[in-house]
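Undergrad: Residue numbers (our numbering), protein chains in the order written: chain X, 1 to 100; chain L, 1 to 482; chain U, 1 to 169.
Among the hints, erroneous ones may be present.
[Unchecked claim] Cross-link-like lysine to any residue pairs, in silico, SDA-like; alpha carbons within 25 Å at most:
hint : chain 1 : residue 1 : chain 2 : residue 2
1    : U       : K165      : L       : A30
2    : U       : K167      : L       : T99
3    : U       : K165      : U       : F46
4    : U       : K167      : L       : S104
5    : U       : K166      : U       : V88
6    : U       : K165      : X       : A55
7    : L       : K438      : L       : S104
8    : U       : K166      : L       : G352
9    : U       : K166      : L       : K438
10   : U       : K167      : L       : K438
11   : U       : K165      : L       : E35
[To be verified] Partner residues are not named here, just some residues of chain U that face chain L (Cβ under 7 Å, in silico):
hint : residue
12   : P118
13   : V143
14   : P145
15   : I148
16   : L152
17   : L153
18   : V155
19   : A156
20   : V157
21   : L158
22   : V162
Simulated from the structure, these hints should not be mistaken for lab results.
Quick reminder that beta carbons are idealized off the backbone N, C-alpha and C, glycines included.
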Amino acid sequence: MVPVTYYIALSVILFVIGAVGFLIRRNLIVMFMSIELMLNAANLAFVAFSRQQLAMDGQVIVFFVMTVAAAEVAVGLAIIIALFRHRETLNADEIRILRW
Amino acid sequence: MVMPDVSWAVLLPTLLITGTGFAVLMADLAVTGPEKDGLGWIGLIGLAVAAIASVALWNTAETSFAATIVLDRYAVFFNVLFCIAAGLTLLMSMDYLGTIDLHSGEYYALILLATAGMFLMAAANDLIVLFLGLETMSVAAYVLAGIWRPDLRSSEAAMKYFLLGAFATGFLLFGIALLYGAFQTTALGPIARELGASGGLQRVLAGGGMALLLVGFAFKIAAVPFHAWAPDVYEGSPTTVTAFMAVGVKAAAFAGFVRVFMHTFAAFAVEWSAVLAVMAVATMTLGNLAALRQNNIKRLLAYSSIAHAGYLLVGMVAGTPAAGAAVLYYLLAYTLMNTGAFAVVIALGRRGEPNESLDDFDGVGMRYPLLGFCMTVFMLSLAGIPTLAGFTGKFYLFSAAVQQGYVWLAIIGILNSVVSMYYYGGVLMRMFMADGGKDVQGTAHRPYLAATIAASAFGTVFLGIFPSWAYELAHAAFLSLR
Amino acid sequence: MSPLTFFPLAALIVACALGVILNLHPIRSALCLAMTLFLMAVMFVFLDAHLVAALQVIVYAGAILVLFLFVIMLLNLEADLPQKRRRVLTMAASAIGVVFALLSLRPLFFPGGALPGPGFDAAVPAEFGTATGIGELLFTRYVLPFEITGVLLLVAVLGAVVLAKKKLV
Chain X
1 MVPVTYYIAL SVILFVIGAV GFLIRRNLIV MFMSIELMLN AANLAFVAFS
51 RQQLAMDGQV IVFFVMTVAA AEVAVGLAII IALFRHRETL NADEIRILRW
Chain L
1 MVMPDVSWAV LLPTLLITGT GFAVLMADLA VTGPEKDGLG WIGLIGLAVA
51 AIASVALWNT AETSFAATIV LDRYAVFFNV LFCIAAGLTL LMSMDYLGTI
101 DLHSGEYYAL ILLATAGMFL MAAANDLIVL FLGLETMSVA AYVLAGIWRP
151 DLRSSEAAMK YFLLGAFATG FLLFGIALLY GAFQTTALGP IARELGASGG
201 LQRVLAGGGM ALLLVGFAFK IAAVPFHAWA PDVYEGSPTT VTAFMAVGVK
251 AAAFAGFVRV FMHTFAAFAV EWSAVLAVMA VATMTLGNLA ALRQNNIKRL
301 LAYSSIAHAG YLLVGMVAGT PAAGAAVLYY LLAYTLMNTG AFAVVIALGR
351 RGEPNESLDD FDGVGMRYPL LGFCMTVFML SLAGIPTLAG FTGKFYLFSA
401 AVQQGYVWLA IIGILNSVVS MYYYGGVLMR MFMADGGKDV QGTAHRPYLA
451 ATIAASAFGT VFLGIFPSWA YELAHAAFLS LR
Chain U
1 MSPLTFFPLA ALIVACALGV ILNLHPIRSA LCLAMTLFLM AVMFVFLDAH
51 LVAALQVIVY AGAILVLFLF VIMLLNLEAD LPQKRRRVLT MAASAIGVVF
101 ALLSLRPLFF PGGALPGPGF DAAVPAEFGT ATGIGELLFT RYVLPFEITG
151 VLLLVAVLGA VVLAKKKLV
């Protein structure tokens with residue numbers, strides 16, 4: 001039996017991959033997908049802890065997290081579409097009207 | 001199946017605000033075009049009713065819905081503060097939106113639903129309710145930042161706010177996951193009780209969870225080094241939305257931050273207050289120094305907002321009930337003076353000309369004396385000049401810090417206030433001593449805007465001269481954290 | 001779950017996650033994300049979270065990811081150019097990430113005490129992770145968060161329509 005710490009280690013690795021992806025990529029869609037990786041890492045942690053405690057609270061929380069992720073994706077993609085209608089680019093470096 | 005206990009009194013303020021939001025959405029179907037600004041009245045009535053209901057519930061201290069939500073004096077205090085912030089925003093919006101040709105019933109509904117999210121954040125007794133309230137408020141704010149679609153800066157602001165906000169949400173959520181793992185619950189009460197006695201792996205998880213929660217909250221209050229989004233987002237959003245974010249969203253973030261850290265995580269206060277002390281110094285200093293270099297009034301106010309978050313962090317570091325009361329009092333004072341400042345910025349603009357550069361302020365004070373007087377009140381209050389609300393707020397904050405032995409922190413805070421006088425005073429000097437011929441609209445034909453400026457100015461002066469009643473209320477509110 | 005099943009699955013998940021952030025074309029990133037989500041659902045099944053695994057496939061991979069793909073195809077995105085200018089920043093961020101991951105992994109393997117609770121070796125009750133079990137919790141202890149989620153979804157729908165519709169207000 002794999003101990004719960006292994007699952008947490010995996011979720012930490014996923015979280016870090018997501019965070020690094022957000023910081024190094026300049027394409028808005030890929031940055032957004034990295035955030036989804038971070039949320040999934042948290043979901044894995046919740047489910048693993050839930051199994052370890054044999055209490056379903058963690059899984060109910062995952063239910064809420066998925067809903068929040070869906071809401072964020074809807075609004076985020078709407079923002080990206082609205083932005084794209086102005087500028088035909090999705091590269092964060094080229095969207096620099098607002099700067100220092 | 002065990003049904004949860006349901007106490008409608010506890011949920012009443014949130015229900016009223018959400019219901020008002022729905023009412024605005026329904027009424028939106030019946031009106032078109034410029035008449036939509038009348039929807040603001042529905043919002044104002046709803047906010048007033050919710051505020052009265054909250055005040056009537058001042059003496060309750062109940063949890064409900066399986067202890068996921070609580071109504072204590074802390075929540076009531078913040079409810080009234082959010083109603084004031086949202087009310088002033090709605091009032092200014094009724095005049096401002098016509099200027100930018102934005103006739104949108106959804107705008108009013110989103111402000112109200114964001115306020116509902118804020119109510120939940122202040123009343124949360126469970127990390128999940130806190131998280132959901134935060135998300136409701138944030139998603140509404142992302143949309144509001146980008147709601148002026150013809151303007152590219154608005155869409156950019158929404159994009160930046162969204163991306164960095166979602167990034168912060170990821171940190172917050174992972175922190176909640178680790179705390180859930182450590183304590184088998186996300187309820188604030190049990191976590192507070194078990195935090196001190198934790199050891200081994202539990203302590204490691206709890207420490208990691210607290211650190212990640214701190215990062216998440218720091219993003220939301222725009223503390224250094226997580227502040228980079230604020231100037232761009234504040235500059236690009238429509239000015240009423242900027243005011244709402246700078247005041248309401250920040251207050252709600254602090255409401256959650258203070259409840260979770262100063263109350264639930266009190267057992268680890270030594271550790272996190274050390275981190276917050278460093279953050280406070282960096283935030284105050286960078287905010288003030290960067291504000292000195294700004295030419296756009298909205299960016300200047302954004303950096304000033306960052307600096308004020310730094311002052312509030314000093315209060316959190318001190319950790320005593322007096323310090324907590326000072327934080328709450330300062331948030332109230334800050335709501336009034338900051339909203340007023342943004343309202344004056346709106347007054348300077350007219351259709352097609354936002355007039356947001358500092359050059360546009362030249363001579364305005366001489367030609368529009370009342371406007372100049374009100375702006376003087378706001379700028380001096382933000383700088384911390386005596387007899388105004390900002391001074392009393394800073395006094396309470398820094399004296400609480402000194403009482404706990406953080407003299408160096410208070411000194412840095414005072415030095416920063418002195419530095420800030422330079423740029424606040426700079427705005428005033430331009431208004432009164434520079435020669436300029438810019439023809440601004442002022443508050444002509446914009447009675448609601450005038451009402452907002454007048455109310456904010458009156459509140460700022462009143463709180464400055466008679467601070468004790470508000471401070472006592474803030475103190476009672478903080479002490480009610482259980 | 002025995003180590004024999006955990007480690008290959010974990011390795012695959014990490015590989016797909018790296019594929020998400022390293023691929024140059026957004027479509028390939030999205031497909032790697034789809035793989036990651038499916039593999040996570042497999043992981044959830046092994047953790048006896050059956051409803052959550054089903055929701056992961058239906059909601060996350062089936063709705064959220066499809067929305068991503070719609071937008072990528074609507075905006076007709078092309079592959080990014082390899083970013084030569086940002087080499088240093090990329091290296092620095094990745095290095096910090098690796099260091100951070102290692103630092104946070106170290107305390108996890110403390111021998112110092114296990115978490116309280118039955119643990120992975122205990123028998124799983126019949127209703128664990130099923131729709132009945134989760135539904136019961138959702139409508140009793142978590143009924144308030146459930147209702148708040150409704151308001152959140154309303155805000156999201158409102159916002160998405162306001163921002164993305166063709167005709168301006």
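Undergrad: Broken hints, numbered, in rising order?
TA: Hint check: 3, 5, 6, 7, 9, 10, 12, 17 and 20 fail, others pass.
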